[in-house]
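*Asks:* Listed here are the chains, written in short residue letters.
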Amino acid sequence: MLSIENLHVSIGDKEIIKGLSLQVPAGEVHAVMGPNGAGKSTLSYTLAGRAGYEVTEGMATLDGEDLLALEPNERAAKGVFLSFQYPLEIPGVPTLTFIRAALNAQRKARGEGEVSAPAFLKLAREAAGKLKIDFDMLKRPLNVGFSGGEKKRMEILQMAMLSPRLLILDETDSGLDIDALRIVSEGVNAMRSPDRSMLVITHYQRLLDYIKPDRVHVLASGRIVASGGPELALELEAKGYDQYAKAAA
Amino acid sequence: MAAVTQTVEHVASLEGDKYKHGFVTDIAQDFAPKGLNADTVRFISAKKGEPEWMLQGRLEAFERWQAMEEPTWARVHYPKIDYQDLYYYAAPKARAGPMSLDEVDPQLLETYAKLGIPLREQEVLAGVQGAPRYAVDAVFDSVSVTTTFKKELAGAGVIFCSMSEAVREHPELVKQYLGSVVPASDNYFACLNAAVFSDGSFVYVPPGVRCPMELSTYFRINAENTGQFERTLIIADKGAYVSYLEGCTAPMRDENQLHAAVVELVALDDAQIKYSTVQNWYPGDSEGKGGIYNFVTKRADCRGDRSKVSWTQVETGSAITWKYPSCILKGEDSVGEFYSIAVTNGRQQADTGTKMIHLGKGSRSRIISKGISAGRSSNTYRGLVSAHQKASGARNFTQCDSLLIGKHAAAHTTPYIEARTASAHFEHEATTTRLSEDQLFYAMQRGLGQEEAVSLLVNGFVREVLQELPMEFAVEAQKLVAISLEGSVG
Amino acid sequence: MSLMQAIKARDASLLPSRRDEAWRYSDLRAAIREIPGASPEASRPTGPPPLVDVEADHEILVLNGRAEAKGFLAVAGAPITLRLRIVSDAEHTLHQSALTLDLEPGADLTLIETYEGQGSAYVSGFSLAISLGAGARLERIVLVDEPADAISISRSEIELQPGARLAQTVVCSGARLQRHETEVRHPGGGADVRLDGLYLLDGKRHADLTTVLAHTAPDGTTRQLTKGLAKDQARGVFQGRILVEEGADRTDARMGHHALLLNDGAEIDAKPELEIYADEVSCAHGNTVGSLDDAALFYMRSRGLPEAEARALLMQAFVGEVVDRIEHDGARAAVQAWVARRLEALA
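Protein chains in written order, with the numbering used here: chain X, 1 to 249; chain R, 250 to 739; chain D, 740 to 1086.
Hints may be right or wrong, so weigh each one.
Unchecked claim - Among chain R residues calculated to face chain D with C-beta under 7 Å, some are: (1) Tyr665; (2) Ile666; (3) Ala671; (4) Gln727.
Rather than coming from a laboratory, the hints here were simulated on the basis of the structure.
All C-beta atoms, glycine included, are put in the ideal place defined by N, C-alpha and C.
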């Protein structure tokens, strides 16, 4: 499970996360909601280990192991997967080549053998089929010229194939129409399992109609200011973030 | 910033000793006396048993060269070369010229085995069935050591031999074509080459023949203080096709060594020549000590209608590269292509590109150049696209991308575009960007190590050009690019 | 190897020639065999200046190399418009002069700079040193409209302080040899530069637009767009060089040059250069040379437009992009009118 204790994160001289604590037990889906500028993306980038996000205090562990000391790729090998709000385009590198390189790098880091080419292709075909992705698309350079919805589906495809233990979805619903949202959500829901934890980061309640959270946390001004069941999301939808923003300030 | 910073540090820590072809073969060699004068030229000609007309041509070139000045327009800097402090001829002792493998010094064979060059035909044949085969001309310092598959090629009518042998066996072809594309007067280094060139490869593909295998020459500089001046001439007669590959390596030495080659290609009507180079001369160490000065003139004469010449180059080595493989598109509807990857690191300097000179109606050209600069290196694309008034319908597309890795690398683009016909259509695009921090993080988030991530991104960047190489070369080139940038030498 | 040195020494062999890389397409030595004698004084031109419709607050006249003022200082405050007329009225003689233009921090100046010629076969040299204080804004509109047999070389050096903004549009019709050269020191720090150009050439006219722009510190932007048309045996030259010096990180620079040849025998030579020594930059240049779109021409004619009119319309559309980027409304309208007249000659 994911455990975050009193986390403080600065970008440059500016403190963005100011003492955040959060526990996501195995098998549970937790939503983190908050207004713009609350520190949602900072939280996801910090957990994934992006450079420039300096942890000044606190800790984050996955199954008791310190995440913050690890390189981004080492975290990935431990099972951390971040679905990017804005997935990157990688010109000249076919999607399949990219995923295979990533999968084998993770397996190698864990001391496992490489996946054979036929086994990999089978895995890719299955995953693409479930997400209604044309297999030929996987031969094209990753995300280059893909629509917003296609890029998000590619994120979920990678998630399915890399089979992580901790899934962080950063504003996965942004830029998706209803059909794409449903397909992406089904992909995510299919990954729910007793040994996986998910952190769903979102501004709107809409996504939570599709991916039902066990717990909802409100993030404002760099701290968790309220926690509750799924009903908290509905309440936020109706009343907005103002009361929390004020409370945090 | 961390990822890129570390990459940069890693790249910076790269030493020349990562160069895996840096060994020296200890073999007895014949040298010409040090220095350059008319006697040196006579010595070389005599060593090769050349006819009088060859000697005269060399002497004329030498005389001309003495009156010429070394060019300074390229964006490269190096101390003045003392042309009197070089050897102009070095050959393994034994008789000059190619021989059968049984006669070749076993130490030489071992050298090529170490370099991974198949000189024994049976070794090549023992490979996977259906795999493409390569005939190899191996040039060791100044002379061709051996040429493989000659018999089989002769059966198809293809002549593939050393230049020395061609002078002896096919003087009429040599007389007709040698110097017809790159005359001695062309430039300083080409003129020097015309005076002192020692050996190189000669290819003639007769009308209508598709050369049954890939031809390749492997150049190896071994001797100390020795310039290498090879000369290559490839003629594809009407409707012929040939694919030719060249590879180059040299030992690590503290002194700079000069390589001033000339390559001439002639494509007649409907002929096609595909010329690929993987250049991995010793680049010098990380402080810029040693390395090869690669001052090369390569030009194709697409004199036939519908002829086509395609240059593909992967340039990772040499302290200095000065090289512009070009096409003179004389034939109607002739086609010229230039695909280039140039990687510089450490203190390397490259000024490379192409010239596409459109003279024929409907001639077309395409230029794809990918430059990568790391360390404290400097990488310049320099290219000319011109259309003569009579070249109606001429077309060119140029894409020129530079990738910067680190704070101290330099990347330059200097294109010259000259159009004199209204129906020409020239398009040129160029970009310069740095290796993207965001892309690196993204790849690492998916589990790739930093080196792997850099290598993957760089390979994506050069992919368009890699695709133009024959498969085996592409794999080799991909590795080379990664090694040049990362030092992940196995 | 400059015009000034050659004039001083009265030695034509000191003139730059095509052997000099920066002059490879404009061989001044071949155009001037001997340094001509000095131009005499001339009387004020009686006709209206080019772009007369633009209202100006101040005017400086430079007549056969004799300037009414040594320079101009633009003070901060309300926007100012300055008209600078460089007038030649000479036959086979030479004149040259130099001027300085300073913008105080925060000043806002529109410069209407016109080159006009009355005589023939003269050689004119003019140089302008411009400095922009922090936050100053200069829009410079240059029109070079001279006799076909004149030789005219103008050069400006522009230095900006951080936060300053320079927008320049040079429009020219060529001459026997006409070169307009701009050198900019770009300090980054949010300073912003637009460098545009347009050449419209026919007969044997030759125009050379050369720019050298150096980014010397981080965070600078540059946008450059030059377009041109060449007809008959005219020759258009564009040389643009963007230099990003070491340390000028996060520079964002784009350069475009697009030209049309209206018939065989006309010539376009372009050399768009990027020279980059900095990190984290994003630079690009694009260059195209071609002819008027035949399909579009046919389409327009099939709708009843006479060929010349259709060609003029297409040319107008092609060059319009440059003219439309002029920010000063009056100047834009005046340049539009000048360009429309010029296009009639080219259609």
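*Asks:* If you take the shortest Cβ to Cβ gap from R:Ala671 to chain D, is it below 7 Å?
*Replies:* 4 Å, holds
*Asks:* Do the numbers back the hint for R:Ile666, that is, is its least Cβ distance to chain D under 7 Å?
*Replies:* Holds, because the Cβ-Cβ distance from R:Ile666 to chain D comes to roughly 4 Å (cut-off 7 Å).
*Asks:* If you take the shortest Cβ to Cβ gap from R:Tyr665 to chain D, is it below 7 Å?
*Replies:* 5 Å, holds
*Asks:* Minimum Cβ distance from R:Gln727 to chain D below 7 Å?
*Replies:* Interface hint status for R:Gln727: violated (26 Å vs cutoff 7 Å).
Consistency with the previously given hints fails for number 4 only.
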